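Number of protein chains: 2
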Amino acid sequence: MKADFILYNAQVFNVFLKKFEKRNIAVKNGKILWVSQDCMDTIDAAERLDMQGKYIVPGLIDIHMHIESSMTTPSRFSEAVLPHGTTTVVADAHEIANVAGLEGMESFFQADTLLDIFYAVPSSVPSTNGNLETTGGKIGEAETKKLLENKRVVCLGEVMDFKGLTGSGQSEIKKIMNAFREQRPNLPIEGHIPRVEGLNLAKFLYEGVGSDHTQQSPKSIEEKISSGVFLQLQKKSVTADNMAAIMRNNFCEYTCFVTDDVMADDLRNEHLNGILKLAVSCGMPVETAIYMCTYTPARYMGLRDRGSIAPGKTADMVVLSDVENFRIETVYKGGKAIFENSSAPLKRSIFPGEFYRSIRCREIAEDELSLKVTDDPGIREAVCNVIEIERFGTFTKRTKVNVKVKNGFLDWEGSGLSLLVVMERYGKTGQISFALTNILKGRGAVGSTWAHDHHNLMVMGTDKQSIASLQRKLLMEQGGYGVMVGKRTEAFCCLPIGGILSDKPIEILGEDLSRVRKAMEKLGYENSNPVMSFATLSLPVSPEIKVTDKGIFDCLTQEKIPLVEELI
Amino acid sequence: MKADFILYNAQVFNVFLKKFEKRNIAVKNGKILWVSQDCMDTIDAAERLDMQGKYIVPGLIDIHMHIESSMTTPSRFSEAVLPHGTTTVVADAHEIANVAGLEGMESFFQADTLLDIFYAVPSSVPSTNGNLETTGGKIGEAETKKLLENKRVVCLGEVMDFKGLTGSGQSEIKKIMNAFREQRPNLPIEGHIPRVEGLNLAKFLYEGVGSDHTQQSPKSIEEKISSGVFLQLQKKSVTADNMAAIMRNNFCEYTCFVTDDVMADDLRNEHLNGILKLAVSCGMPVETAIYMCTYTPARYMGLRDRGSIAPGKTADMVVLSDVENFRIETVYKGGKAIFENSSAPLKRSIFPGEFYRSIRCREIAEDELSLKVTDDPGIREAVCNVIEIERFGTFTKRTKVNVKVKNGFLDWEGSGLSLLVVMERYGKTGQISFALTNILKGRGAVGSTWAHDHHNLMVMGTDKQSIASLQRKLLMEQGGYGVMVGKRTEAFCCLPIGGILSDKPIEILGEDLSRVRKAMEKLGYENSNPVMSFATLSLPVSPEIKVTDKGIFDCLTQEKIPLVEELI
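As they're listed, the protein sequences go chains H and P. For what it's worth, the working numbering labels the leading residue of the first sequence as 1, then goes sequentially. For what it's worth, the working numbering labels the leading residue of the second sequence as 1001, then goes sequentially.
Here are the simulated DSS-like cross-link-like pairs (lysine-lysine), alpha carbons at most 27 Å apart as the crow flies: (1) Lys1022/P x Lys219/H; (2) Lys277/H x Lys19/H; (3) Lys1151/P x Lys175/H; (4) Lys18/H x Lys1203/P; (5) Lys1203/P x Lys19/H; (6) Lys151/H x Lys175/H; (7) Lys1028/P x Lys163/H; (8) Lys1203/P x Lys2/H; (9) Lys1145/P x Lys151/H; (10) Lys175/H x Lys1028/P; (11) Lys1018/P x Lys219/H; (12) Lys28/H x Lys1163/P; (13) Lys28/H x Lys1174/P; (14) Lys1404/P x Lys1464/P; (15) Lys22/H x Lys1203/P; (16) Lys1146/P x Lys145/H; (17) Lys145/H x Lys1145/P; (18) Lys1504/P x Lys1518/P; (19) Lys19/H x Lys1219/P; (20) Lys1146/P x Lys151/H; (21) Lys336/H x Lys1203/P; (22) Lys28/H x Lys1203/P; (23) Lys1002/P x Lys175/H; (24) Lys336/H x Lys1174/P; (25) Lys1336/P x Lys1277/P; (26) Lys1219/P x Lys22/H; (27) Lys1018/P x Lys203/H; (28) Lys1163/P x Lys1138/P; (29) Lys1175/P x Lys151/H; (30) Lys1151/P x Lys174/H; (31) Lys18/H x Lys1019/P; (32) Lys1002/P x Lys174/H; (33) Lys1019/P x Lys219/H; (34) Lys372/H x Lys560/H; (35) Lys1174/P x Lys1163/P; (36) Lys1174/P x Lys151/H; (37) Lys28/H x Lys1175/P.
Computed far set for chain H versus chain P, every beta-carbon distance over 10 Å: (38) Ser171; (39) Glu368; (40) Thr394.
Rather than coming from a laboratory, the hints here were simulated on the basis of the structure. Since the model is a prediction, treat every value here as computed from it, not as a measurement. From the three backbone atoms N, C-alpha and C, an ideal C-beta is built for every residue, glycine too.
All chains should be built: construct the whole structure from the sequences, respecting the hints.
Rendered as structure tokens:
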């Protein structure tokens, strides 16, 4: 038996022993043939490469993430993450599914990438239901069955509808879960279980949910793992306390690291490798951190052909010059070397023409932004429900603010608040909703068609001209994310594919998005991640008050909230 | 939410923490709802049972075993193992598949059992090919695809054909593996990799084989696990040295315990619980042994709904009065209590009528057992190839013995050797093969239609009358395993279903088989397990010389060996 090549004189990471050993690696047809000190003497090979004592670890595997969070296409994403050592991802493409349903998923499946991309069945498209929001596509029972015909679909994506899941009646999520289980009883059902504990956690798990990737504390780690949850730790869960809890309890077998959402600008610098390094800097031994980025995610997800450097496994390997700092020299994907310093070869994603014509709403006029609240000239003030944006994360609070009323019109421009406009953009209802928020300071507007999860058109501003100008620009460009002050564009990131993706290289897209982020901050948008914060103001599943094309909602009760509570 | 019942005041084993904790368990609709100290105060329940401080562990899970090894039906097997704490098995029903192909498998699927039985696709039916042996059924590419339509089929059964697998040409096993992988890429491919190491082991694994359940040593454990093999340790691998190797290397995550083959008489006393106790007596902490009989087998096999006592898991639980001795008080299967001291409720296996008419060969006459070897009256001796049966395990050695020739006939009756007769019994060729063996001492014969894996009719004896009488009895009874001396039956175990199974209760069947075993020993059959040793004399895949209905074979080269090597 002749190998294609042998990497010799290497320190190879054995996940089962959780240590590095001096070994040679023989590769044949894209798979590992043998890992041994005897390769050089025993096996013939077309090529032999001296690794000069460098370290080799398995390719990193990210089992919970959303490509669309990086506003990019599968091909560009592949190109961007391979040099960071990520060789396999399991993508929950629920954003493109919100925009274009099964056809959106299909366009992702079609993308020819070097990166191996497996998929989840998105379980919450739309995130709530047609009464609360309008989307371009939906994933129900029938779509679930259809998606499961594809061998690259390996799990049910994050189930989050606690009420629908644990209630007594029939619900959309129950139908989807039953269809999924009926067809593939041994595939994992992923969960999104934030801040849930005790009996409520048990009720969630009772229905068959197996994992969670939301923010954890040492207490939630201990409770969830001892209740059988496989934990997927994203960046915000990687703290010294959490890493200590995992090491103290020997929990590494039941956990892995995931990226979930990575902004396009951050993606230029790092991917899962960044989380691995962070874990090490938080006190986790590097061997354990590597294990949790390779073996445990593959095992949990049932990806039996990867996650270790062992005979029969896909030859996905990362060569490091320095383990502690995870300094990457070379990445092998399926036995092919991809060098960090040259760009990874690009294979193209092909999207149908209509994906470039997906913003189907009308232009809004400035005077439509004057909100009449009464015919009674005696009314001087309105008690308004305001969405107060928190400084960390994506949560909001409901507050009440008195706003002056002039000639029956709400004087929001003079109130120090911003007007947030959400327009249905799939050409279905054209409905427009208005809300008030607290965050912007100066004159200007922020807007986007990348608005989780339904991705309708959303603009928030302190003056009518800025809002109307930005709405028009989003329409003209057929999607994007930007900031305008009056008629002047401060920063704009084009997202012409379905209004949520760009196929520019990540270097360019990341630069564009970085400018948008800075312009938002300049406008006073204070948040740990303003790009994500704004984009989720319209997501009716995270607490506690959000606005969709259907109006303002209390996210817990799903009840509608009026903009004006009372006229005084 | 109201639970069906709560078990309170119990020490519950948490597999994730690998320890017992004082907890209450709430069960609803056959699944665990909650495990907490707060169950009693928080949840309403129809029934509350005081566990009086007893220990509760998950039901035991045996992921590599053959029901037919116990010569019994799925229903009787279920009845027999539940009181031993086994609540789930993954059965490789390759014996019934050898006898009756897909229809045989179907008859097992149909059996309504309390025990959860999942199935492997048997990968080696027949064990070799039509040139070496005749079987009643076969499992090829088409049958594999058909079997995978059944949701209870969860893996590809033990792949063992090293030559077919690693050779360059197309082979039956490659076709089966490709069909399996194409249809279910994330199901495990089980292996049978005895005494294979180094590059040969790598070649086996390179093809995608993921596990091994053959006999291990500390050295093979270390090599195989560090090469990515999931080890399934059966009784003969449970030694103090092996347990120490597992504990020393923290290998418990990559191993589990399995039974493989349990004789009907042994099954009366123990099942997987016996191996668990043996592991503890060999120095393994009981918590680790429980972990390896519950969590690791379920996780490896992708049985995500079991293997722990946690919310959402099937309520399969074993109540113990004493952990160290694993003394079982009660077994819960899917939330139903089955008490050891009453018999487990029997559900029936239904087999079609033709399964009871499966021995389709003719009666043999005594004079057919006189073997003419030459027409030359001058010949006095024949150098014969003899199957020498080893005292441990199922291996044999090829030796040469000079046997007298009288009037052209081989005087095997006067040689101190036994004649072994194998008759094709599926009504296909009726072919008869003869071989000589070394083991029996006195007058008499041993015979069986339970002859791994092809299950043709096999009789071995020291005299013609005993052989012919036993052959007739096996035919009349339509299957069995027995010992006769002349025309007198010493012991006989009826196996009327397909010639390999009985539907008597295990208590009765075990007694019958135990008598056969004793009668074999009385006849001088010295072996660690004479029942299995004899039944595998016809299995052409284990070293090194065996006889099938097609003749005597060198198992390594698959070349035919003549009975008489040379006439002198």
